[in-house]
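Residue numbers (the working numbering), protein chains in the order written: chain B, 9 to 329; chain Y, 498 to 720.
These aren't lab readings, by the way, just hints derived from the structure by calculation. Computed from a prediction, not measured in an experiment: that's the story for all the values here. Every residue gets a Cβ at the ideal spot worked out from N, C-alpha and C, and that includes glycine. Fair warning: there could be bad hints in the mix.
[Said to hold, decoys possible] Across the chosen pairs, the derived CB separations fall in these ranges: (1) 31/B <-> 695/Y: 44 to 54 Å; (2) 36/B <-> 671/Y: 34 to 44 Å; (3) 672/Y <-> 321/B: 42 to 52 Å; (4) 243/B <-> 521/Y: 34 to 44 Å; (5) 534/Y <-> 61/B: 54 to 64 Å; (6) 718/Y <-> 30/B: 41 to 51 Å; (7) 590/Y <-> 321/B: 49 to 59 Å; (8) 36/B <-> 672/Y: 30 to 40 Å; (9) 505/Y <-> 327/B: 13 to 23 Å; (10) 277/B <-> 590/Y: 49 to 59 Å; (11) 633/Y <-> 277/B: 54 to 64 Å; (12) 633/Y <-> 327/B: 18 to 28 Å; (13) 633/Y <-> 36/B: 20 to 30 Å.
Spelled out from the first residue to the last, the chains are:
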Amino acid sequence: MAVTRNSDAVTPVRSSGAFSVWLTRHASTSVGALGRLSRQPFASLMIILVIGVTLALPAAINVIVKNVQSVSSSWNNALDFSVYLKQSVSVAEAENLSQLIRQRADIESVELITAEQALAEFKQQSGFGAALDQLGENPLPHALVVRPGPGNTGASLTLLQEEIGNLPETELVQVDTEWVQRFHAILDIVRQAIAIGSALLGMAIVVIIGNTIRLDIENRREEIEVTKLIGADNAFVRRPFLWTGFWYGLLGGSFALLLVQYGLYLLKEPVARLAGLYQGNISVATLGAAESAAILGIAVFLGLLASWITAARHMRRIEPR
Amino acid sequence: MIQLDNVTKRFPGGQEALSGLSLSVDKGEMVFVTGHSGAGKSTLLRLIALIERPTSGEVIVDNQNTRRVKRRKIPAYRRQIGMVFQDHKLLYDRPVFDNVALPLIIAGVSHRDAGRRVRAALDQVSLLHKEKQSPQTLSAGEQQRVGIARAIVTRPKVLIADEPTGNLDPDLSLEVMRIFRRFNEVGVTLMIASHDIALIDRLGCRRIALEGGQLQQEVDPWQ
Numbered sequence: 009m010a011v012t013r014n015s016d017a018v019t020p021v022r023s024s025g026a027f028s029v030w031l032t033r034h035a036s037t038s039v040g041a042l043g044r045l046s047r048q049p050f051a052s053l054m055i056i057l058v059i060g061v062t063l064a065l066p067a068a069i070n071v072i073v074k075n076v077q078s079v080s081s082s083w084n085n086a087l088d089f090s091v092y093l094k095q096s097v098s099v100a101e102a103e104n105l106s107q108l109i110r111q112r113a114d115i116e117s118v119e120l121i122t123a124e125q126a127l128a129e130f131k132q133q134s135g136f137g138a139a140l141d142q143l144g145e146n147p148l149p150h151a152l153v154v155r156p157g158p159g160n161t162g163a164s165l166t167l168l169q170e171e172i173g174n175l176p177e178t179e180l181v182q183v184d185t186e187w188v189q190r191f192h193a194i195l196d197i198v199r200q201a202i203a204i205g206s207a208l209l210g211m212a213i214v215v216i217i218g219n220t221i222r223l224d225i226e227n228r229r230e231e232i233e234v235t236k237l238i239g240a241d242n243a244f245v246r247r248p249f250l251w252t253g254f255w256y257g258l259l260g261g262s263f264a265l266l267l268v269q270y271g272l273y274l275l276k277e278p279v280a281r282l283a284g285l286y287q288g289n290i291s292v293a294t295l296g297a298a299e300s301a302a303i304l305g306i307a308v309f310l311g312l313l314a315s316w317i318t319a320a321r322h323m324r325r326i327e328p329r
Numbered sequence: 498m499i500q501l502d503n504v505t506k507r508f509p510g511g512q513e514a515l516s517g518l519s520l521s522v523d524k525g526e527m528v529f530v531t532g533h534s535g536a537g538k539s540t541l542l543r544l545i546a547l548i549e550r551p552t553s554g555e556v557i558v559d560n561q562n563t564r565r566v567k568r569r570k571i572p573a574y575r576r577q578i579g580m581v582f583q584d585h586k587l588l589y590d591r592p593v594f595d596n597v598a599l600p601l602i603i604a605g606v607s608h609r610d611a612g613r614r615v616r617a618a619l620d621q622v623s624l625l626h627k628e629k630q631s632p633q634t635l636s637a638g639e640q641q642r643v644g645i646a647r648a649i650v651t652r653p654k655v656l657i658a659d660e661p662t663g664n665l666d667p668d669l670s671l672e673v674m675r676i677f678r679r680f681n682e683v684g685v686t687l688m689i690a691s692h693d694i695a696l697i698d699r700l701g702c703r704r705i706a707l708e709g710g711q712l713q714q715e716v717d718p719w720q
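One chain only, chain B, in its complex shape (with noise of 0.2 Å):
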């Protein structure tokens, strides 16, 4: 057993190929770092259903939130509101007017309903038609019924709203849909608060990994130590840690996924007698690719954003002795 010595002997230990040496390294270090998982799967499961868990709630309420106004949107005709003209103006002179207002960019549509039109439809509703037929004239006005354009908001429907009803033929505007625009504002505030607590549970989230990945770092402190003492540096000793932390993000966040659709397809079936019911045909919307990756990417984002401060403080405070 004789000592060789070859040729580079003597030149420092050099990487070759950089980049595939990057990459091989990457992969075993991500591959070693799930292995280390799977070795204590209880723990980690624990884990993995507590992030689940923690980001299912706001993917869920979100969810919920698109549904309701996708319903909600369906209400959009419930925006249209009555104008009530003077009992002065003619029939010609409102059909003027209607042509007038339709002729504006926000205004979707007019239907003039005039007061012959009213009446023989209020007989027929009413059950009235013979007491009716007892009036000698017409007590109703030609209205309008006008339904604001898709680009209105909330205030610019009340300015809309106002200015018709300076208008002088106008007798009297009549909205009876304020409870959609009350509810868009409450939905408003839902989203804000989702997006809150969305906030706070990713703290949590950050906290929880962040503190296995501290304890974990603990228990391998030896092995840091030994490993810097033959020239690791910093980066190396946290690679693993970081991989570990994006690990948990995507297992995570993937049991979210799983939980989510799971409780949309339970609502499946009551929406659908729900919707039954109403004659309508609402369905619920369930997660698209591009939430499903935007879940996951977050859940990810959270693991390493997580390991990365755990790991950056701990690591620097191990040195050997």
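On the provided structure of chain B, position chain Y as indicated by the hints.
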């Protein structure tokens, strides 16, 4: 290769581990550092490995003044030095092969090259047939040889060893020293802390004796 100029190391308690120590080790030399525990042997090696920094004085290794090695550059500096420890400092959660490969992986050597070098290093300590075993299943002497293989796998110019035979019986100690001797024969500079003077005298190497953090005597069999 290794040079210390008037080096003092004082610990926060005020106790001095080294007091104004100066010494020099030539390139390709094999030198033993002896002395009682507390004489400053370990501190000397720790200064060379940059685990500690001197309170005053200069430590120069391979023309690098350790004072000028910034904290961030310490890992790169350590990669140039092979280190062997009394307690081996192996990682018991992975096989022998992975333990020896660790310095190469840290240095970013490709997988194929690493495999070749690890086997060469294990061959030099006669443990090639145990590469797949866990260090726990090996005897103390074998574990120390794994530690040596790990220290030389990057082919460092300087190798320092702190009581490498401290836990070994005389036969195994001699075997370990013979391995060191072979490295020395191909040009590696070695500094070995030991208290086994009988063994050292058999090897016929220069001996630096420390006492209370100071140079007590130097024994050079060639002069």
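Here is what the structure says about each hint:
At roughly 52 Å, the beta-carbon separation of residue 31/B and residue 695/Y lies within the given 44 to 54 Å, and the hint holds. As the Cβ distance of residue 36/B to residue 671/Y is approximately 39 Å, the hint placing it in 34 to 44 Å holds. At roughly 44 Å, the beta-carbon separation of residue 672/Y and residue 321/B lies within the given 42 to 52 Å, and the hint holds. Under the hint 34 to 44 Å, the C-beta atoms of residue 243/B and residue 521/Y, about 35 Å apart, fit the expected range.
Checked against the hint of 54 to 64 Å, the C-beta distance between residue 534/Y and residue 61/B comes to roughly 56 Å, which is consistent with it. With their beta carbons about 49 Å apart, residue 718/Y and residue 30/B fall inside the hinted range of 41 to 51 Å. As the Cβ distance of residue 590/Y to residue 321/B is approximately 24 Å, the hint placing it in 49 to 59 Å is violated. Taking the beta carbon of each, residue 36/B and residue 672/Y are about 34 Å apart, inside 30 to 40 Å as hinted.
The given range of 13 to 23 Å is respected by residue 505/Y and residue 327/B, whose C-beta atoms sit roughly 22 Å from each other. Remark: the range hint 49 to 59 Å for residue 277/B to residue 590/Y is upheld by a beta-carbon distance near 50 Å. At about 58 Å, the CB distance of residue 633/Y to residue 277/B agrees with the hint of 54 to 64 Å. Between residue 633/Y and residue 327/B the beta carbons are some 26 Å apart, a value that agrees with the proposed interval 18 to 28 Å.
Our hint of 20 to 30 Å for residue 633/Y and residue 36/B holds, since their Cβ atoms are close to 23 Å apart.
Comparing the model with each earlier hint shows a violation of hint 7 alone; every other hint is respected.
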